[in-house]
Structures are given as structure tokens and as C-alpha cells.
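Colleague: If you want the building blocks of each chain, they are given just below.
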Amino acid sequence: MNKPKPMQILLVDHDPSNLLSLEAMLEDLDHPMVRVNSGEEALRILQEQDIALILMDVHMSGIDGIETAQLIRSREATLHTPIIFITGESGSEEIIRRAYALGGVDYLIKPLVPEILRDKVHTFMAKQYVALSLIQSERSLLRILEQHTDGVLIVNDQDTIVYFNDQAGSLLKQSEDQLKKALFGRAHQRDTICELELVNASEELKIVEMRSMEIEWKGDPALLITLRDITQEKKINSMKTEFVSVASHELRTPLSNITEAVSQVIDGLYGEVSQEQQAILGIAHRNCKRLGRLIRDLLDISRIESGKVVFNRIFVDVGTLFLKVCDSFKETASERKIELIHEVGGDVPLAFADADRLEQVLVNLIGNAFKFTPSGGRIAVKAGIEGGCIRCVVSDTGIGMSPEQTEKIFEKFESGNSAAHGGDSGTGLGLAIAQQLVRLHGGDLWAESELGQGSQLIFRLPDYQSEVGLLECLAERIAKADAGHTRTSLMGISLNEWPELQARYGAAASLFFRKLGEVLTEGIHAEVNVWCLEDSGELVIVSDACVNRFPLIQQEILYRYEKYRFLMNQKPMEFGLRLATVCHPCDAAGAPQLRGLLRERVSNAILLVNTPKTVLIVDDEKHIVQLFERYFQHKSIRVIKAYNGEQALELAARDMPDLILLDMVLPGISGYEVIECLKEKIGTSHIPKIIVTGTDVTRMKIDEGQISIPVLRKPIEMDTLFAQVYKLLDMEEIEVSSP
Amino acid sequence: MSAEKQAVRILVVDDDSDVRLLLGGRLRRNGYEVVAAEDGESAVQIVRQENPALILLDLGLPKMDGFDVCRMLKADPATRRIPIIVLSAKSQQTDRDRASALGADGYMAKPFDPGVLLEEIRNLTE
Chain A
1 MNKPKPMQIL LVDHDPSNLL SLEAMLEDLD HPMVRVNSGE EALRILQEQD IALILMDVHM
61 SGIDGIETAQ LIRSREATLH TPIIFITGES GSEEIIRRAY ALGGVDYLIK PLVPEILRDK
121 VHTFMAKQYV ALSLIQSERS LLRILEQHTD GVLIVNDQDT IVYFNDQAGS LLKQSEDQLK
181 KALFGRAHQR DTICELELVN ASEELKIVEM RSMEIEWKGD PALLITLRDI TQEKKINSMK
241 TEFVSVASHE LRTPLSNITE AVSQVIDGLY GEVSQEQQAI LGIAHRNCKR LGRLIRDLLD
301 ISRIESGKVV FNRIFVDVGT LFLKVCDSFK ETASERKIEL IHEVGGDVPL AFADADRLEQ
361 VLVNLIGNAF KFTPSGGRIA VKAGIEGGCI RCVVSDTGIG MSPEQTEKIF EKFESGNSAA
421 HGGDSGTGLG LAIAQQLVRL HGGDLWAESE LGQGSQLIFR LPDYQSEVGL LECLAERIAK
481 ADAGHTRTSL MGISLNEWPE LQARYGAAAS LFFRKLGEVL TEGIHAEVNV WCLEDSGELV
541 IVSDACVNRF PLIQQEILYR YEKYRFLMNQ KPMEFGLRLA TVCHPCDAAG APQLRGLLRE
601 RVSNAILLVN TPKTVLIVDD EKHIVQLFER YFQHKSIRVI KAYNGEQALE LAARDMPDLI
661 LLDMVLPGIS GYEVIECLKE KIGTSHIPKI IVTGTDVTRM KIDEGQISIP VLRKPIEMDT
721 LFAQVYKLLD MEEIEVSSP
Chain B
1 MSAEKQAVRI LVVDDDSDVR LLLGGRLRRN GYEVVAAEDG ESAVQIVRQE NPALILLDLG
61 LPKMDGFDVC RMLKADPATR RIPIIVLSAK SQQTDRDRAS ALGADGYMAK PFDPGVLLEE
121 IRNLTE
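Protein sequence lines, in the order shown, are assigned to chains A and B.
The first sequence begins at 1 in the working numbering and counts up by one.
The second sequence begins at 1 in the working numbering and counts up by one.
It cannot be assumed that every hint is accurate.
Derived pair list, reagent style SDA-like, types lysine to any residue, alpha-carbon separation capped at 20 Å [to be verified]:
| # | chain 1 | residue 1 | chain 2 | residue 2 |
| --- | --- | --- | --- | --- |
| 1 | A | Lys679 | B | Lys90 |
| 2 | A | Lys681 | B | Pro114 |
| 3 | B | Lys90 | A | Arg293 |
| 4 | A | Lys120 | A | Glu23 |
| 5 | A | Lys120 | A | Gln147 |
| 6 | A | Lys679 | B | Arg81 |
| 7 | A | Lys681 | B | Arg98 |
| 8 | A | Lys289 | B | Leu118 |
What the hints contain is simulated information worked out from the structure, not anything from laboratory work.
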């Protein structure tokens, strides 16, 4: 296969003696030769056999050499076959000109000098050998591509598909146009691997892993794209996850019963238990707990792997969290005589993380350290800032690990050798879970250790309060996000109390708003367009991102909002944020029509993160409302006002205040009825209330269910009022003014 | 500790008879009076008849699931104030959030810590 077939030379001359002498001269070159006496015969041979070089006399009876050559060139297969003309007329320039015009020719003048002829033929044959080898290797490359189990496409730099194999065709079962539509936009992310969903002609959804690589194709830059059908793989994977989840759940129920039965006996509920019995039951109990942990961790890892973990991310003070977690290990530390210290630098920024999950990471790491640290040892938990990241280290003075072990500890069920220290046997999943959780927070977790020197488990989290950290993290998240089909969606942000803000801050408010628009959307997504609707205090964001990507964009916007608020040192009350998403396919031109819809949604939107506390003041006397309002605003509490019962109910349902200050005597619906109506609705039944009244309301008059509502008599002592307000709002005065 | 306490009535709702037996035993020995229901419909019925001081509620129940029981009891002014602790093998945050949105007062995943459960019951019935 490697060597091209033997290369034949075709000799064409009407004179048989000339043919014989030609053949004799070329004998030494060791090429098979075919002799013919006419142009017609030459053409017939060329149709039947592979010829590498033609030597042809110009003057022949029938069609002459030049005409024959023209016919040879008209056939695709012999378009490039080299021809050497042999002519007796040295001066026939016209013939030579016509011969050269055909391309790929040379000529020799009789009488022939054998050395020159051999040299010329040899040179031509060597060139031809290289050309044929190239064609051969290109053919075998195509054969490999053709039989490749992955779909292979080659796209040139004009985005034209210049080659695709059967597999690619059948995988996609689409016309070239559809194929282009499905691939492009993505294929330009060179040297990348990504997953994409394609619907083939039989309406089946295929999940495909696409890799693209820059190559040279026939001398021009091109892109080699391979498509691997991973639909089945994905399906099996999700079945596995589903199985783990269901199995874990089914295991919990009987385990719970066994655990409870054993602990009831241990607790002596059914009579005294001897020390020996206690010890034996203790084994059962410990192993129940262990099985419980295993199930919990299995569920955790399967949720993480299936991407089902939902994070509730807020700004978390790492120091406080460390203190809390270390406190929970205090008892273990003193039992095991291990010194547990924690050190958090004063400059450590807040981490933007799910507090419970971050706690889980720390618990897993510290728990792991306890497993490998002997009595009298030391475990230190430290946090500092390094290279725009929050760096946390859990170090121990334990047995340490070899480099091979260091790599393996994050694999599932790789719990090392802990028996030596009698620690709680782990599930072998703790470190894997911790690593995954940190990665899902945009950070990384790794181990550094030496045998006998103790170990350090280190994790880094991006510093969302630094511009670099934020941008890097966003870039990474966006790169990971799956871009979807083109479908425009609309999203809106509205600032609470925009008219008030404008009145208070004037041009500065507008500037802030525009700046906020920039900050919020900058770099989030290339396909996002933003309109600042200054008159209504809304930012309308139009994106043709896939609808299922919207939660991600929404999340990014929230990060940015939080971050911006930090930078500007804004009190939360001044820029409460409402975010509404309207997932509505439309084109950009249709967006204005959607603004109305958006506005409606925005005003009904759920209040998100860190919005200020809101108090609804209900009183028919305006001056009293104003008085309260001033006091509340002074304490950075947002105020909404109602002057009668109907209005109170409407505002309570719409704005869901955190507290209602309610006058009992109102025109129309009375205060009592307001309380009853609020109780009836799930959305408002939980809102705490303070009754403020001039009439003599005693608790006797209010039915049993309202007995817990505090009643304040007019004239109101403001200190008493705020003592109640703070209690009900779960606030402390000092904390109100800073975010 | 429970001698001077007037028997506080607790309703245990679980389709697993072992759970009813075990929880019943634990609670009785801690001075509580226990009534039990094995499905959602009878749970609602028993709540109305027996007026328990607290409900321990499983989520996966026949006839009417725990979420619906919770929704129904919390919507009725006569039963709204009875604290409900969900006790379920479901441990996902979404289940917790859903139960809490429906008005459940507590949530414990199985296997549970009996000490923590008793404390939670004490807090909610005092």
C-alpha cells in the first residue's frame, strides 16, 4: 500500500524502429514501457492503464502529436500526465508554442542524445513519483476518515464544508445548509471541545461532543471538526445518577428505623442495659451512623455530578464560618488531644458562596485532617488573600502522603489508611465532594504533602470583591455555559422607588443608573443588549441567548449588582433591586412591545437578595403616617403607606412588607378585618403586625389567634415602637446602616 | 422530666408501621400522648377529631401526600396553628423549601437524631 504501483512510460511514434531505439535508450531506467504507433492507440491505452509519462513524436499520420496531446488534456484522469514531445524540426516555433500551451510538457529535438533523454525522463519520473505518492497518501487518509467511527468534517475559512464522512452525514442526517447552521458560530471557537445538541432529520435529539482543530487542507487553513455521538453515554450516566438517587432514598427509610430501634434500646427506654450490651449495641449504632453518612455523601456526589445542586450564594464572612466549624470540632479535638487553631487575616474579603456548602467543604477537610492526625498533633485552619483569591488552608501534623497518594485522595472511595489513628471511618467521598463543591464555586482544591511531614489541603475561591476575580470567574462560567439556539429573551431590572431616588439625587441618580446598566451587563454575554429606561427606572435586557441560559445570566446580574453595591458602598435601602425575567421569544424589533409586559412582571416580581426591610404603615391620619415615615426612613427602613383598609390589603399582597403598622380604626374595612383577611392568604399570613391605636383596645377584644400581636397606644413612645420593630424585623440597629 | 407535664398529644403520620411504633414508643416514654395515622386522608381527619398539639408528618403517603396534608391543614383556620414537623427520607433543599412554603414549622431528614427531634417538639409545643 505504501509504494505506488509501477510507473509505466508510454512511447508513441509511427515508426516502429524509432520506438525500438527509444526503448533501448530508456532500458536502464527500469520502468515498464508501452509502445504504440498512433495517437488513436495512445488514447486507448491511456483509458485502460495508468501511465506516468508520455514520450510522443510530433509528426504522425492520422491525428498528430499536438492534437493527441490536446485530447489527452481534455480528460480529467490525464489532465496532469506529463508529456515529452520528440520533434525533428528545430525551427518549428509554432509547434513548440502550441505544445507548451498545453502545460506539463517538454520537448527534445532529434537526433536524441541518450544521456539527455535518460536524464530528462528520470527527472520527470521522480517528480511524478512524488505527486503520485501524495495522491496515494491523501486517498488513504480519506479512507481512514471515511471509516472513522466519529463524524469528521473539514471546513475551510469561507465556512464551506469541503469534506464530511459518512458518519458525520448519518449522525446529522441533515443537508449541508442545515449542517452549517447547526455548527457555525461554535466552530469558530478553535481548538475547543464542546457539547451540543442537534436534532437530526428523524427528529431525534442527539448529544454530540464536538472538537475542532486548526489544520491545513490542500494548502489552505481549515478546521477539522470531529463529532462524537455521546447520546447513549449521557443517557446511561443520567440513569446511573437517577438510580443512586432513588436507591439512596429507599435505603434511608429502613436505616432510619434500625437506627432508631437500636438507639431506643441504648437509651434504656425498655429497661436497663448492661455495659457489655451497651458496647455491642454501640457498634450497631456507630455503623448505622456510618451507613447514613455514606448514603448522604452518595446522594450528594450524584447530585453534584448530575448538575442538580442549587446554590444559594451570598456574601459570607470566612472568619465567622471558620469559627463556627472549629467550634463544632472542639469536643473531638479535646478528646483526641489535638490542638485545633484557626487564623483568618483581617484583609480576607467576603466569599461569594453558598454558606451551607462552604461549611460542608470545611467540615470535610477538617474531618479528614482529624483522621490522619495522631494525639498530641495540631490542625490549623487559615485563610488569607493571595493573587486575587481567597486562599484557605487546612494543615495537619499527621502522617502525610506520598505524591501518588496526594493525587489519588480526591478520587471517589479513596479514603486512605485511617485505621492507624482510630478516627471515625469516613465514606471515602468527603474530599471528592469538597473538591467538586469548591470547583462549582469557581475555585479549586488540592493537596500538598510529604510523607511524615503532615498534609495541607488548600482551596481557593475567587474574590468577587476584586474586579479581576469577578471578571475571571465570569469569563470561566460563561465559557462553560452552553450557548443555545437563537431565541431572543427579555429580562428586566427595576430600581425600587426610582422617582424618589431621582428627586433626591438628581443627575447623580441617572449617572448611577447608567453606570449600573454598564456594570451589570458588561462582559456577561456578547449577545446581550441593554436599554436603560430612565423614566421608569428599569433596565431592559434583551438577549438571544437560549432561554435555559437565562437563570445563569440572571445570576451573573445579581453578582454584579451585589458587587457594585459593595463598590459604591450603597446602603441596601437606597437601591433595592427587583429582577423579573420574561422568557419570551421575540426579535429585537419586537422588544418595545414587550416592555409593557415586562413592567407588569417587574412590579409583581419577587423581591430578591438583600432588599431593604419594608414597613407598611396603615393609618387614616396623614400627619401620623408622615411622622412614622420620617422615623422609619431615618432608620433606613423602606416605607409604604396606606390610608385605608382596602389599600392596606392591596399593598400587603403586592409588596409583601416585612412588618405592618396598623391602626385599628379605619374608614371602610376596619383594622380587625384587615388582620383577618391578611391571615386568610398564605402570602400575607406570616407578616408580623404591630397594632397602633388611640382607642382602648385590650387583648380581650382580639381573638385568641391574634394574642401575640403587640398593641401600642397613642401617643406612641418612639423608643418603645422601635424596640418592637427591631424585634419583629429581626434587626439590630447598628447593622442597618452598612450592607 | 415528664411526670408533671400534662400529656401533650402528638400525631404521628407515616405509612410505615415500624416508624409509627418506634416514634410512638419514644414519644410516650418522654411523656407525650401519641395518636397515629397511616395515610394523608386519615391524618387530616384525626387532626380534626383529636386536635393534637403537634404533627410529625411523613411526605410520601398514600391517598394524600404530606405536602397536600400540610397545605390543607395550614389553610384551615381551625388547624392552622398546629405545628407540623416534616419527617421524611427526602433530604433535598427543594423539598425543604416546598414544605416550608406550605407552612411546615420544621423539617428533619431520616435518619433523624432523636435528641434533636425531641428538642424541636419541646420548642414548638411550649
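Colleague: Indicate, hint by hint, whether the structure satisfies it.
Modeller: Results of checking the hints against the structure:
no., hint, result
1, Lys679(A) to Lys90(B), "30 Å, violated"
2, Lys681(A) to Pro114(B), "34 Å, violated"
3, Lys90(B) to Arg293(A), "15 Å, holds"
4, Lys120(A) to Glu23(A), "14 Å, holds"
5, Lys120(A) to Gln147(A), "41 Å, violated"
6, Lys679(A) to Arg81(B), "11 Å, holds"
7, Lys681(A) to Arg98(B), "17 Å, holds"
8, Lys289(A) to Leu118(B), "19 Å, holds"
The earlier numbered hints that this structure contradicts are 1, 2, 5.
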